[in-house]
Amino acid sequence: MLDLIVGKVGPVFLTILCGYLLTRFRVISREGIPFLARLAMNAFIPAMLFQTLSQSDISAHFDLRLWGSYYAGALLNFLLVFMVARAWLKARTDEAAVTAMGGVFSNIVLLGIPLVQAVYGEEGLVPLLIILSIHPLTLLGLTVMIVEGSRSGDGHWLPNVVRSVIRVLRNPIIIAIILGVLASLIDLRLPEMIDGTLERFRTAGPTIALLLVGAGLYGQSVRGNMSASTLCTVAKMFVQPVLVFLIAHFIFDLQPLWLTIVVLIAALPAGANVAIIAGSYNVCIDRSSTTILITTLISVITLPLIVLYAGAS
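For the sequence shown, the residue numbers in my numbering are -3 to 309.
If you're looking for bench data, these hints aren't it; they were derived computationally from the structure.
Since this is a predicted model, take the numbers as computed values, not measurements.
Each residue gets a CB set at the ideal place from its N, CA and C atoms; glycine is no exception.
Just so you know, not all the hints are guaranteed correct.
As the list claims (entries may be wrong) - Think about it this way: if two alpha-carbon atoms lie no more than 25 Å apart in a straight line, the pair counts; the simulated SDA-like pairs of lysine to any residue are:
1. K4 to R147
2. K4 to G145
3. K86 to L181
4. K4 to S223
5. K86 to T298
6. K86 to E118
7. K4 to N221
8. K4 to T298
9. K4 to N167
10. K4 to E118
11. K4 to R26
12. K4 to T199
13. K4 to I281
14. K86 to G275
15. K4 to I297
16. K86 to V296
17. K4 to N278
18. K4 to L213
19. K4 to G275
20. K86 to L304
21. K86 to T199
22. K86 to F246
23. K86 to K4
Said to hold, decoys possible - For each label pair, taking beta carbons as the anchor points, the in silico distance ranges come out as:
24. V164 to A83: 41 to 47 Å
25. G275 to P168: 27 to 33 Å
26. V296 to R22: 40 to 46 Å
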């Protein structure tokens, strides 16, 4: 079983370390990180998602139990963190919503996809992508609705929420997922030249994503409200995986591979969208960055342990 960690999980985290070191020694400049991020999020990763989905039999694999297992656990966790933030931290409604998002929003794109692909291959990517297909809309949309609602005393919060949802739908990753699903349903076969080009993008995507995770860690420090960051960290790294496991196993009775995938996704560190939302609304900025930093560091230990316990298909 240790061969599984060394051979499959080890290279994932070693690539993250390389991203950190390349930034530390200025091979990747801090100014260059946004450029790499745009390249990955607008080209390489969407190409990978489209090709993976278009070549999968989505109609045969789609199962509402995947959404039920993951999002029931995530939304219950969101509610718990929101209530604790309000009662214990005396947070305002918008602060509690952003804090709750930090406790539930997983870094699926930059870390989850490369990890699952490395360990479980294409078979593991399909349930992950089914969950990812509504990930931004559900958790991000809920947070935006609460924040906008708490700040719109005149009752005109709905247009702002709609605009935020439209921005999410225009994201190249979401577009790639939608087009990939449609291509799968109609059994579209791309010309060999286009398919070969997408294959090269697909190969580069996970590597650049992992380098970005490591590069993003460089220069980060623990700052802001540590009580809130601790709350988010405990909820994200420990409470959410347990909730998702209990619901997926005892209520929805998922098959072993899918059960492993949903728990892995739940145990991923907080994603960058947490900091983006915090920055957009100028609320909980420091604690959101600290949550991303701490949860990413903890995941170096917890994710290999989950893989080691569950094994690989």
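Results of checking the hints against the structure:
1. K4 to R147: Roughly 46 Å separates the two Cα atoms, so the pair is violated.
2. K4 to G145: With a Cα-Cα distance of about 45 Å, the restraint between K4 and G145 is violated, given a limit of 25 Å.
3. K86 to L181: 49 Å, violated
4. K4 to S223: The hint is violated at about 35 Å.
5. K86 to T298: Status violated; Cα separation ~30 Å.
6. K86 to E118: 45 Å, violated
7. K4 to N221: Not satisfied, since the Cα-Cα distance of roughly 36 Å exceeds 25 Å.
8. K4 to T298: 15 Å, holds
9. K4 to N167: Roughly 30 Å separates the two Cα atoms, so the pair is violated.
10. K4 to E118: The given pair, whose Cα atoms are some 14 Å apart, holds under the 25 Å limit.
11. K4 to R26: Given that 25 Å is the threshold and the Cα spacing comes to 29 Å, the pair is violated.
12. K4 to T199: With a Cα-Cα distance of about 16 Å, the restraint between K4 and T199 holds, given a limit of 25 Å.
13. K4 to I281: 34 Å, violated
14. K86 to G275: OK: K86 and G275 at ~21 Å, within 25 Å.
15. K4 to I297: Distance of about 14 Å is within 25 Å: holds.
16. K86 to V296: 32 Å, violated
17. K4 to N278: Roughly 39 Å between the alpha carbons, so the hint for K4 and N278 is violated.
18. K4 to L213: 22 Å, holds
19. K4 to G275: 35 Å, violated
20. K86 to L304: 39 Å, violated
21. K86 to T199: 47 Å, violated
22. K86 to F246: 35 Å, violated
23. K86 to K4: Given pair K86, K4 is violated - Cα atoms ~43 Å apart, limit 25 Å.
24. V164 to A83: 41 to 47 Å: 30 Å, violated
25. G275 to P168: 27 to 33 Å: At 20 Å between Cβs, range violated.
26. V296 to R22: 40 to 46 Å: 24 Å, violated
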